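J.: Letter by letter, the chains look like this.
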Amino acid sequence: MSRKIFTYAALLMVAAIYIGPLLWMVSTSCKTSSEAVADPPRWVPVSDVYLDQRARGESLGKALPGEISHRASVIKENYYDKVIADPGFDFILYTRNTLIIALLSAGGAMLSSSLVAYSLTKVNWRGRGVLFAVVLATMMLPFTVVMVPQYDLFRRLGWIGTNLPLWVPSWFGVPFFIFLLRQFYMTIPNELSDAARIDGCSDLRIWWQIILPLSRPALTVVGLFAFMGAWRDFLGPLIYLAHQRTFTLSLALQFFQSRGGGTSWELLMAATLLVIAPIIVLFFLAQKTFIQGIATTGIKG
Amino acid sequence: MARVTLEKVSKLYAGNPVPAVNAIDLDIQDREFIVLVGPSGCGKSTTLRMVAGLEEISGGEIKIGERVVNAVPPKDRDIAMVFQNYALYPHMSVYKNMAFGLQLRRKELGLSRQQIHERVLEAARILGITDYLERKPKALSGGQRQRVAVGRAIVRNPKAFLFDEPLSNLDAKLRVETRAEIKKLHLRLQTTTIYVTHDQEEAMTLGDRIVVMKDGFIQQCAPPLEVYERPVNKFVAGFVGTPPMNFIKCKVEGKTLAFGGQRIGLAGQHPGKVIKYAGQEVFLGIRPESLCPKNAGKFAGTENGISAKVVVVEPLGDKVDIYLTLGDNHADYMERLLVCRADAYEFGRIKANDIITLYVDLSRVHVFEPGDNGMNVTLSQETGYATA
Chain A
3 MSRKIFTYAA LLMVAAIYIG PLLWMVSTSC KTSSEAVADP PRWVPVSDVY LDQRARGESL
63 GKALPGEISH RASVIKENYY DKVIADPGFD FILYTRNTLI IALLSAGGAM LSSSLVAYSL
123 TKVNWRGRGV LFAVVLATMM LPFTVVMVPQ YDLFRRLGWI GTNLPLWVPS WFGVPFFIFL
183 LRQFYMTIPN ELSDAARIDG CSDLRIWWQI ILPLSRPALT VVGLFAFMGA WRDFLGPLIY
243 LAHQRTFTLS LALQFFQSRG GGTSWELLMA ATLLVIAPII VLFFLAQKTF IQGIATTGIK
303 G
Chain B
85 MARVTLEKVS KLYAGNPVPA VNAIDLDIQD REFIVLVGPS GCGKSTTLRM VAGLEEISGG
145 EIKIGERVVN AVPPKDRDIA MVFQNYALYP HMSVYKNMAF GLQLRRKELG LSRQQIHERV
205 LEAARILGIT DYLERKPKAL SGGQRQRVAV GRAIVRNPKA FLFDEPLSNL DAKLRVETRA
265 EIKKLHLRLQ TTTIYVTHDQ EEAMTLGDRI VVMKDGFIQQ CAPPLEVYER PVNKFVAGFV
325 GTPPMNFIKC KVEGKTLAFG GQRIGLAGQH PGKVIKYAGQ EVFLGIRPES LCPKNAGKFA
385 GTENGISAKV VVVEPLGDKV DIYLTLGDNH ADYMERLLVC RADAYEFGRI KANDIITLYV
445 DLSRVHVFEP GDNGMNVTLS QETGYATA
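Chains as they are written, first to last, in my numbering: chain A, 3 to 303; chain B, 85 to 472.
Source of the hints: derived by calculation from the structure; they are not laboratory data. The structure presented is a predicted model; accordingly, all values stated were derived computationally and were not measured. Any given hint could turn out to be false.
[Stated by the list, open to error] Quick list of the computed label-pair ranges, beta carbon to beta carbon:
hint	chain 1	residue 1	chain 2	residue 2	range
1	B	Pro157	A	Ala139	44 to 50 Å
2	A	Leu287	B	Pro157	39 to 45 Å
3	A	Met188	B	Ser391	54 to 60 Å
4	B	Gln187	A	Met188	50 to 56 Å
5	A	Val170	B	Glu202	37 to 43 Å
6	A	Met142	B	Val152	28 to 34 Å
7	A	Pro215	B	Glu192	19 to 25 Å
8	A	Met188	B	Thr340	55 to 61 Å
9	A	Ile278	B	Arg190	32 to 38 Å
10	B	Arg115	A	Met142	37 to 43 Å
Ideal placement from N, C-alpha and C gives every residue a C-beta, glycine not left out.
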C-alpha cells in the first residue's frame, strides 16, 4: 500500500512538470493584461477588486458572482473578440490553411509509407536491404543539414510561397513511418501474403485488401504523428510561406506575438490554446488505438 | 486434377552455395497423395513452395498437367495451398475467406455470384463449418480454423492441393482426427495432393507414396510400407518408425556380425551380400518389434540372441517398450539405448536391471554401410532406388 502511494506521488510529480506550463497557459489566457503580469504571479485568475472585497471581509456569496461575470467577459474578450474575431488576425483562415496541410501530410504519409514498408517486408527484390539502410540513414540527417538544398530544390520547382513543399514530400515516404510500419508488417505472417497471392492477388491488392486493413492501429499512429507534426510545424511554414494569407497557425502565432511591438501574454496564451486544442482532443479520441498501435506486438491468424 | 512432374528441380538461395533443393526428380501421378517428409531444412517446404510458385525455381522444370509452370505466377497455376498457421485473413469472415479467391477471379472463371455462393456452401457442408460462416477466424478454435483453411482450398476446385505442415499447430488428439479427415477428403475429391510434414507417422498414414528428403536430396520415394520395410539407407531407416530402428555398430566376421563380445548370425541371402564387407565395420539395423525376449516363433533360431540389461520399461497398453543397455561399453556400439517392443501380456513383468536375452527376427534385419547415409546392403540388387 505504502509502495503504491509512493508510486503515485512520483508519477504525480512527473506529471506536474508536464502539466504545469499548460495550466499556467490556461490561467494566463483567462486574465486581463494587468493581471497577467501581476507580481507575485497568481495561479488562479482573480481580479484585484475581488481580492480587496475578500480582504475587507465580504462574504464569498457577495464577492463571487461579480468576479465570475467579470472573468467571463475577460475570457470572451481574450478568446473571441481579440483572437478569433480580430479582423487583423484571420484565425479561421489560418486554421483552414493548417488543416489542409496537415490532412494532406497525414494522408500522404499513411499511403506512401505503408506502400514502401510493404515492399520492404513482403516483396522479395534485390537490394531491398540496402534501400532500407538508405531510408534509415536519411532519418539520421538533421533537418538543418537538408534545409538549404531542399529549399533550393523547391525554388527550382517554383514552389516557394505555396504550401506544396509542406505536404508533397510526405507522399513520397517518410523514413520514420516506413520504419515503424515495416516493424509492424514484419509481425504479419508471410503466409498471409502467400495465401493471397495464390488466391489471385497482385502485390498492390495484397497491400490494399489484406495488409492495410490489418495495420489499422499502426496506420492510425502514423496518421496522428504526421497530422500533429504538420499541425505544429513552425520552421517549414516559416521558410516556404511568404504571404500572410497562406500562413499556418504556428506561423500566425509568431506573427500574432510580434505585431504591435510588445507581447500581450493573455492573448497569446488564448491563441495558443486554441491552436493546440484540436490536437489534444484528437489525441484523446484516438488514444486507445494510438497506444495499441505503438505497443502492438502482432496478430495471430 | 493433374499429374505434377518435377525434373531436375533445384533451389539455390543467394549467399548460400549449398542448394536447398538439389536437382530432384519426382513424378506425381494424377489423383495421387504424395507426402514429402524429412527433418527441418531438408528442402521439403521449399520444394512445395516452388510447385506453388511462391519460390522461384533455380534450375529444372516443374509441370502441372502437361504445362510447364516455371514462369507462371501462383494464381495461374490452378493450385490451392493450406498453410501451417492457416493463413486465414483475420479481418474477413469465414465465408469471405473462402469466397475471396473465387470473387477475385470471378470473370476469369466465368462464375456467377450465385455459383460462388453455392460452392462455398458446398465446401462448408463437406467440412462441417456451415454454422460459423459469419464468424471471424479469431472466434474459431485451431481445428476449426484448419477446416476453414482446407475449405478455402477446396472451393477453388484446383488441379492440385498443396499442404504445408497443416496439422503442426493442432494438439495430438485433434491432429489424428484431422489427419483421418484429410485422407477421407482425398478419397472423396480425388485431387492430386502434395503434403509436407516432418512427422513420419503422418507421412506413413496419409501417403500413397512418401518421399523422404534430406539435405535437398530425395533419399527414397516409395509406398509407406516399402519405405518402412525396405529403407534404402541408414537415414531413411532411422527416420521412419517409432521408436526408431536400433543401429548396432558391428564387425563383419564371416557370416556373423560381432560387437562387444556378442555375435549375431545372418540368415537367408544376407551373408552373401555382406561378405564383401568382411573385416569392416557396418551397422546392424533392427526394428524394435523385430526383437523379442523369447526364443520362439519367428524369433526362434541359433546365434540370434543379444544379452542386455534393462534400463527402463515403458508400458503402452498391449505393448511394452523395453530400453536396454549392452553393458559398460554400450556407447561404443550404439548411440541410443537398445529398444525392444514386446507383447505386454507376455513380457510385462520384465523390470529395470533385469539381464535378459533378446532374440532377433533374422529375416527382418538390415545391414548398412557406415556413415549417416550408409546404403542398405541387404536390399536386393534389382531394386534400384535413387540414393544420395
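J.: Should the hint that Gln187/B and Met188/A are 50 to 56 Å apart at their CB atoms be regarded as holding?
T.: Check failed, 29 Å falls outside 50 to 56 Å.
J.: The hint says 44 to 50 Å between Pro157/B and Ala139/A; measuring C-beta to C-beta, is that right?
T.: 34 Å, violated
J.: Given a hint of 37 to 43 Å, does the C-beta separation of Val170/A and Glu202/B actually sit inside it?
T.: 50 Å, violated
J.: Between Arg115/B and Met142/A, does the C-beta distance stay in 37 to 43 Å?
T.: 59 Å, violated
J.: Has the hinted range 39 to 45 Å been met by the Cβ atoms of Leu287/A and Pro157/B?
T.: Because 43 Å falls inside the window, the suggested range holds.
J.: At the C-beta level, are Met188/A and Ser391/B separated by a distance inside 54 to 60 Å?
T.: 58 Å, holds
J.: Do the Cβ positions of Met188/A and Thr340/B conform to the proposed distance bound of 55 to 61 Å?
T.: Distance hint for Met188/A, Thr340/B holds at roughly 60 Å.
J.: Measuring from beta carbon to beta carbon, are Pro215/A and Glu192/B in 19 to 25 Å?
T.: The hinted range 19 to 25 Å holds for Pro215/A and Glu192/B, with Cβ atoms some 24 Å apart.
J.: Is 28 to 34 Å a correct range for the gap between the Cβ atoms of Met142/A and Val152/B?
T.: 48 Å, violated
J.: The hint says 32 to 38 Å between Ile278/A and Arg190/B; measuring C-beta to C-beta, is that right?
T.: At 50 Å between Cβs, range violated.
Violated hints, listed in ascending order, are 1, 4, 5, 6, 9 and 10; each of the other numbered hints is respected by the structure.
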